[in-house]
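Asker: Spelled out from the first residue to the last, the chains are:
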Amino acid sequence: MVFSAKTGGSEEWKAVISAISTLVEEATFEATGEGIAFRGMDPSHVALIDIAWPNSAFEKYVCDADVKFGVRIDEFSKLIKRSDKKDNIEISISEDKLLLVTIGKNKKYKMRLIESSATDTPLPKITYNAKVGVTSAEFDKILGDIQVVSEYLSINANPTKAEFSGRGDSGEAIITLEKGMPEMPELEIKEDSNATYSLEYLNSIVKAVGTVAGTVVCEYSSKMPLRLEFKVANIGRIHFYLAPRVES
Amino acid sequence: MGLDLKQLCVRERTNLESFTSKIVAIDAYNAIYQFLSIIRGPDGLPLTDYNGKITSHISGLFYRNINFLSLGIKPVYVFDGRPPSLKSAEIQRRKQVKKDATIKYEKAISEGNYAEAKKFAQQTSVLRDDMVEESKKFLELFGIPSIQAPSEGEATAAHLTTTGKAYASASQDFDSMLFGTKRLVRNFTNSGKRKLPNRNTTIEIEPEIIQLDKTLTELGVTREQLVDIGILIGTDFNPDGFERIGPKTALKMIKDHGRLEDVSQIQDKLSEIDYQQIRDIFLKPQVVDVPEIKFGDVDYGGIVNYLTKERSFSLDRVDTSLNRLKKALEKKSQNLEQWFK
Numbered sequence: 001m002v003f004s005a006k007t008g009g010s011e012e013w014k015a016v017i018s019a020i021s022t023l024v025e026e027a028t029f030e031a032t033g034e035g036i037a038f039r040g041m042d043p044s045h046v047a048l049i050d051i052a053w054p055n056s057a058f059e060k061y062v063c064d065a066d067v068k069f070g071v072r073i074d075e076f077s078k079l080i081k082r083s084d085k086k087d088n089i090e091i092s093i094s095e096d097k098l099l100l101v102t103i104g105k106n107k108k109y110k111m112r113l114i115e116s117s118a119t120d121t122p123l124p125k126i127t128y129n130a131k132v133g134v135t136s137a138e139f140d141k142i143l144g145d146i147q148v149v150s151e152y153l154s155i156n157a158n159p160t161k162a163e164f165s166g167r168g169d170s171g172e173a174i175i176t177l178e179k180g181m182p183e184m185p186e187l188e189i190k191e192d193s194n195a196t197y198s199l200e201y202l203n204s205i206v207k208a209v210g211t212v213a214g215t216v217v218c219e220y221s222s223k224m225p226l227r228l229e230f231k232v233a234n235i236g237r238i239h240f241y242l243a244p245r246v247e248s
Numbered sequence: 001m002g003l004d005l006k007q008l009c010v011r012e013r014t015n016l017e018s019f020t021s022k023i024v025a026i027d028a029y030n031a032i033y034q035f036l037s038i039i040r041g042p043d044g045l046p047l048t049d050y051n052g053k054i055t056s057h058i059s060g061l062f063y064r065n066i067n068f069l070s071l072g073i074k075p076v077y078v079f080d081g082r083p084p085s086l087k088s089a090e091i092q093r094r095k096q097v098k099k100d101a102t103i104k105y106e107k108a109i110s111e112g113n114y115a116e117a118k119k120f121a122q123q124t125s126v127l128r129d130d131m132v133e134e135s136k137k138f139l140e141l142f143g144i145p146s147i148q149a150p151s152e153g154e155a156t157a158a159h160l161t162t163t164g165k166a167y168a169s170a171s172q173d174f175d176s177m178l179f180g181t182k183r184l185v186r187n188f189t190n191s192g193k194r195k196l197p198n199r200n201t202t203i204e205i206e207p208e209i210i211q212l213d214k215t216l217t218e219l220g221v222t223r224e225q226l227v228d229i230g231i232l233i234g235t236d237f238n239p240d241g242f243e244r245i246g247p248k249t250a251l252k253m254i255k256d257h258g259r260l261e262d263v264s265q266i267q268d269k270l271s272e273i274d275y276q277q278i279r280d281i282f283l284k285p286q287v288v289d290v291p292e293i294k295f296g297d298v299d300y301g302g303i304v305n306y307l308t309k310e311r312s313f314s315l316d317r318v319d320t321s322l323n324r325l326k327k328a329l330e331k332k333s334q335n336l337e338q339w340f341k
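Protein sequence lines correspond, in order, to chains R and E. Start counting the first sequence at 1; every next residue gets the next number (full-length UniProt numbering). Start counting the second sequence at 1; every next residue gets the next number (full-length UniProt numbering).
Hints may be right or wrong, so weigh each one.
[Stated by the list, open to error] Interface residues of chain R toward chain E, partial, derived using beta-carbon atoms under 8 angstroms:
no., residue
1, 43
2, 124
3, 126
4, 174
5, 194
6, 198
7, 199
8, 225
It should be emphasised that the hints constitute simulated quantities derived from the structure, not laboratory data. Even glycine gets a Cβ: it sits at the ideal position worked out from N, Cα and C.
Next comes chain R alone, as it looks inside the complex (with noise of 0.2 angstroms):
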């Protein structure tokens, strides 16, 4: 088997590593022809991470047989930090089933690797009868704005605006975005569509890759969950979904 992959800087693995870290501790990735797969979910099942790493998006890959290897998030993170930005860095994995990382010119490092008890995690069956796509910038900007007097972000779309509300103890707010406003590039609405959703899970993906997507695109249906999409340079998509608040 000869699998490796070998990226053109460290941002990419710092991203993608940060995104997961949000959900679970450990984490097992699947290398195909194709590029490299994750897939997970936090341990009360709320949030789920799915990202698809096209081979076109590395400096080099080779991957001739599946496989899956699983690492501890917190014992893979550490390693990656060691890195400069524009460090390559070559993942491949030993014939003692050790992870072998080579960062930049003279840096090598061997990773134990954990068996994974993951199973298959399926996708969210979902028609999403509303997609907000807004900058990454901007998007930030609303769940902090939303926080000061809120734990829950709601959308509310229709053809001519988005509103992102939140409401707690001490008030409430909220921020319109009309359509053509240079923060959203994108309103497609095929429903009128109302959801809230919790601003902890929110923030921590948002920050975790927020900066280095230039775009967040929202899908959602009223009351069903939530997919946010992160086009990232050199990674391609990381789809976050989120399940809504139960409404009381």
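Chain E: place on chain R using the hints.
Answerer: Here is chain E on its own, set in the frame of chain R:
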């Protein structure tokens, strides 16, 4: 005393969060006895209300279930019914332990040796019928269902897992494995430091999950053979087991010979016990089927009333805990499971 299967089971670390939105069938007697033995004042005596009635079990159920419900876990308590008659020797033995401990407790108190006294006090826990009834009524205030088992609670709890009504059963006793539970959770509580009864040390307690099929595959035996192994080690129905046969030897004997009847070196002793009946207790247990497990709403007012007016709990502490629960329930996000179908 429980069955010593610990070193044969495949035990995996877990956490309470992974049981969110899942139904877990709890061995009620096992949980309540634990509360009675652990939740005690500095003098080693259980907590009581102004009438002198014991409240350790109510206190335990209160905090434990607030914790479960806050995390979205759905507990259902399974209470023991009539024990199988073969258990009488074990029950007699337990009674004697309690009697002896009571005598030792009184002696220690009269000598002013409080550390000793506390140690013995913990062994004297008795769960009376009125306490069982109180517990059931108290659970009802939380909207938590109780199930009355016809015989051993663990058997009905195991049955709930095999019929898909519950995800796992929770007990400290490994007997649940012989009763065929799909998944057994031990230390079903928050991880953290716990004081060991009778010892002045604390240990780190972490919930662990044992899957029956994984354990059977790992050991390379069938469930019937696991029951035979249990009988060799000693169950509640033959508490002494077989002399000089521990878990490892028992496993080897059954793997080598297949079943009790074919292990030649134990035949004399085997003829003295009713092993066929013990097998039946585990493999064809008396259980009850429940059509549907229903959870109700939390009756906050009812809980406050009962605890503060009837059982001498402090209003402040009850309020603080209930507010935490209220907040957690309001805050809950649904999980994604329902959209996977």
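Asker: Against each hint, give a clear statement of whether it holds in the structure.
Answerer: Each hint tested on the structure:
1. Proximity of residue 43 of chain R to chain E holds as hinted, the smallest CB-CB distance being about 4 angstroms (cut-off 8 angstroms).
2. Annotation: residue 124 of chain R was flagged as interfacial toward chain E, and the flag holds, the nearest CB pair being 4 angstroms apart, inside 8 angstroms.
3. Taken as an interface hint, residue 126 of chain R checks out: its beta carbon lies about 6 angstroms from the nearest beta carbon of chain E, inside 8 angstroms.
4. At about 21 angstroms, the closest approach between the beta carbon of residue 174 of chain R and any beta carbon in chain E exceeds 8 angstroms, and the interface hint on this residue is violated.
5. Interface restraint check: residue 194 of chain R against chain E, minimum CB-CB distance 16 angstroms, threshold 8 angstroms, status violated.
6. Below 8 angstroms, beta-carbon pairs count as interface contacts, and residue 198 of chain R has one with chain E at about 5 angstroms; its hint therefore holds.
7. Hint status for residue 199 of chain R: violated, given a least beta-carbon distance of 11 angstroms to chain E, over 8 angstroms.
8. Satisfaction of the interface hint for residue 225 of chain R is found here, the shortest Cβ-Cβ separation to chain E being roughly 6 angstroms, below the 8 angstroms cut-off.
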